[in-house]
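Protein chains: 2
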Amino acid sequence: MLPNWLKQRAFLTPNRTAIEISNQKITFQQLHEQVMEMAEKISSLEVKMGDIVAVHMKNSLEMIVVIHALKYVGAVTLLMNVRLSEEEITWQLHDAKPIFLISDYILERISYKQYPIAEVKNREHDSITIQENFHEDDVDTILYTSGTTGHPKGVMLTYGNHYHSAVASALNLGLYQDDCWLACLPFFHVSGLSLLMKNVIYGMKIVVQNNHQPDVLNQVIQDKQITITSVVFKVAKEMVKELAGVYPANFRCMLLGGGPAPMTFLNECVEKRVPVYQTYGMTETASQIVTLSPEYAIEKIGSSGKALFPCQVKIMKEGKEVGRNEEGEIVVTGPNVMNGYYNREEATKENIIDGWFYTGDMGYMDDEGFLYVLDRRKDMFISGGENIYPAQIENVLLSHPHIEDAGVIGVGHEIWGKVPVAFIVSNNMKEEAIYTFLQEKLANYKIPRNIFFVEKLPRNASKKLLRRVLQEWWEELK
Amino acid sequence: MLPNWLKQRAFLTPNRTAIEISNQKITFQQLHEQVMEMAEKISSLEVKMGDIVAVHMKNSLEMIVVIHALKYVGAVTLLMNVRLSEEEITWQLHDAKPIFLISDYILERISYKQYPIAEVKNREHDSITIQENFHEDDVDTILYTSGTTGHPKGVMLTYGNHYHSAVASALNLGLYQDDCWLACLPFFHVSGLSLLMKNVIYGMKIVVQNNHQPDVLNQVIQDKQITITSVVFKVAKEMVKELAGVYPANFRCMLLGGGPAPMTFLNECVEKRVPVYQTYGMTETASQIVTLSPEYAIEKIGSSGKALFPCQVKIMKEGKEVGRNEEGEIVVTGPNVMNGYYNREEATKENIIDGWFYTGDMGYMDDEGFLYVLDRRKDMFISGGENIYPAQIENVLLSHPHIEDAGVIGVGHEIWGKVPVAFIVSNNMKEEAIYTFLQEKLANYKIPRNIFFVEKLPRNASKKLLRRVLQEWWEELK
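From first to last, the protein sequence lines are chains E and V. Under this note's numbering, the letters of the first sequence match residues 2 to 479, in that order. Under this note's numbering, the letters of the second sequence match residues 2 to 479, in that order.
These aren't lab readings, by the way, just hints derived from the structure by calculation. Owing to the predicted nature of the structure, the values given are computational and were not obtained by experimental measurement. The beta-carbon is built from N, C-alpha and C at its ideal position, and this holds for glycine as well. One or more of the hints may lead you astray.
Unchecked claim - Listed below are several chain V residues computed to face chain E (Cβ distance under 8 Å; list not exhaustive): (1) 2; (2) 3; (3) 294.
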């Protein structure tokens, strides 16, 4: 039994600043009061304990208030990516069947019961009985994973998953009295959402920043005494590139998720003394599960680190745990790992065996047990019998100073089965120069058969490369 | 499912110093190796999963190794206070029925299967299968507490209780990269034992110090870069008195348990900038459950603070929660709170209702919800850091055929805080004979400093001893 997090936090440290957003500061007590009122208004829409309510909102104080209010009334929150197409939204709504959708504004072309937030806020409200205690096994949120193939699946995260994720992060990164986390990832992704949990569980201030220009973020770190932030690679790269001197001494951690970062970037971080921590995690693990701890940041550059205490990781191949330096599937367990997918018994059974979650990602551990993530399994392809991980080729491309962004996919080939092709964002590189560069760095079979210059790569809200869009581009171009 | 803490810690951060004791340093990897060997040796004594093994040892590296080794083999550890009398030891052994007792040396007058540690260390050993995962609900340790009435009861603490206690402490006190805890409380008390859990769960160094002279402790804090320590009032008072200047800046927390400290002492701490945190906890809560957080240290001087996140506290009277500033019984809940007493279904049912543990302690909350502890279990008092329950001493006295009635109270003492004095009704017993009798039955610290012979004890209509009248008698007699 856990107490209602925000309510208990407001009782314990009412006057601490909880959230700073657009230069407005709000204490835990004020946040609790706003959430109480919102809970009463939502309750007037006849929400019962355990009902699913969908939320389609962009990061804002209102969105945070809605997320907590749904916990107060005991509803399960389905958080929707605001960048989804109408078809994708409709699909998720019909899969999860929430009782209604709360949104920033009416989604005109979505025929589903909707309440824009302005309408919710205008509702009459009466005092209600809130959820005083949270139960570890109760589902709190449903988040759909993009799933590069097939339909997206709804990951069910319990109160226990979120709590233990926050705890595991604190046990690994430490927890300082002056900690202040810069929140610039969307709250509809687990990477952003997990900050809202840490906010109330730690009693730690967060600064919500919606302008993601690298110079703006660097300035916020300086001005707001930020100690930690979590970012995706593309943003981190720009921030570090923009950085003139060094970050303030109290900025102690830049958590870098979303796949292995290239060596050149990590070296630049060492040079500019950027405290970058590579991490590995996914929606199913309620955010990070593996992080490179401070004492190994330089020695093990390029690794994602070791499991957060009390999580565990192993590498499996054909039903057996493999030895060190052998490739296999990354398999994880811990109290932050989900119990299953919503209404997907088969997929749940396939992916969770004896309490261990099979991630579908490929990797290996070195002699000392540090994890190296090779690639999403689905993205890996075989060319003439050789495994090719697109991320590796992308890392090499991105290590070139004149290549701004790069995406690689495997495409059908009558002799080799599949071969790599690359999409590149660059102002002044010529194809020939790229090939010369790659020939020094990569085995021949890994060198892209085609290189396409594009203006921008397709990335989702959390800046993750959408390889399936690259596949569509290829279909048109080939 | 949690990983075997020490084994996982040795995997995650093998080369960090785990323990410093008598100027010897040992890393987590070395500790794990010593524990593995000890587990093999203990296993050769035919210990099975779930067996209870008693430990009667003083703080030492060997004792720490034994405590972890018993977890490796899946045994339940009964930790015995080394200051207990032979009769008290025998009573606990016959109550818990461990399969044997591991001790520093053979306890000559205890007829129970015993293995002195030297003998265990000399055993042949083969490789064994250890407990790779700890289950939250499995009992890890049994610690006896004396009840106000009747016999002591065995508090069962699970792996989950210990884990959540360490987590709750970190969420409240923070967790810094340079944290180093000075361990000077006995590991057979929950206050000391909980440090061994924090040690491996946080991956934090502890410095074990067996010389408790205040000047020595102050010097250790200085020399070993100690950041936190937990002490009993008597020792804290002497340390602060001895302190010439101030503690180093990185010494960030002196946790003070064992009942409310007097204002004069707290004021002295403010003056000398000693970061003293008053706490409240007991064996049943696996150590602290309420702590005064940094921002209120001065404003709320004298309070024990608020519940550690995610624990909860309420004040109950006659089955109802009382309002602010009203006295009542302190009732607590949280994942660190025990599930029950060993083999005491009745006592468990009486004390744990709907998941809330009734502490038997009296207190109130002020307007802002800060807890003030009035009295520990009404009659219990603390003497040199040890809990003394007058009823236990009275029971021993009353067991003598020539003692007709007996009443015990705690009275102020400048060194020990409090000491017991006894009032006795007896026709023909001499003081000397009573002391001889008591020395066989009770730990030294429980033996009354003064014995007064009286004609009759003050009892109410239902024959309940009126201790406050005894207090008045003492005021006249002293």
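| request: Against the earlier hints, flag every one the structure doesn't satisfy and list their numbers going up. | output: none
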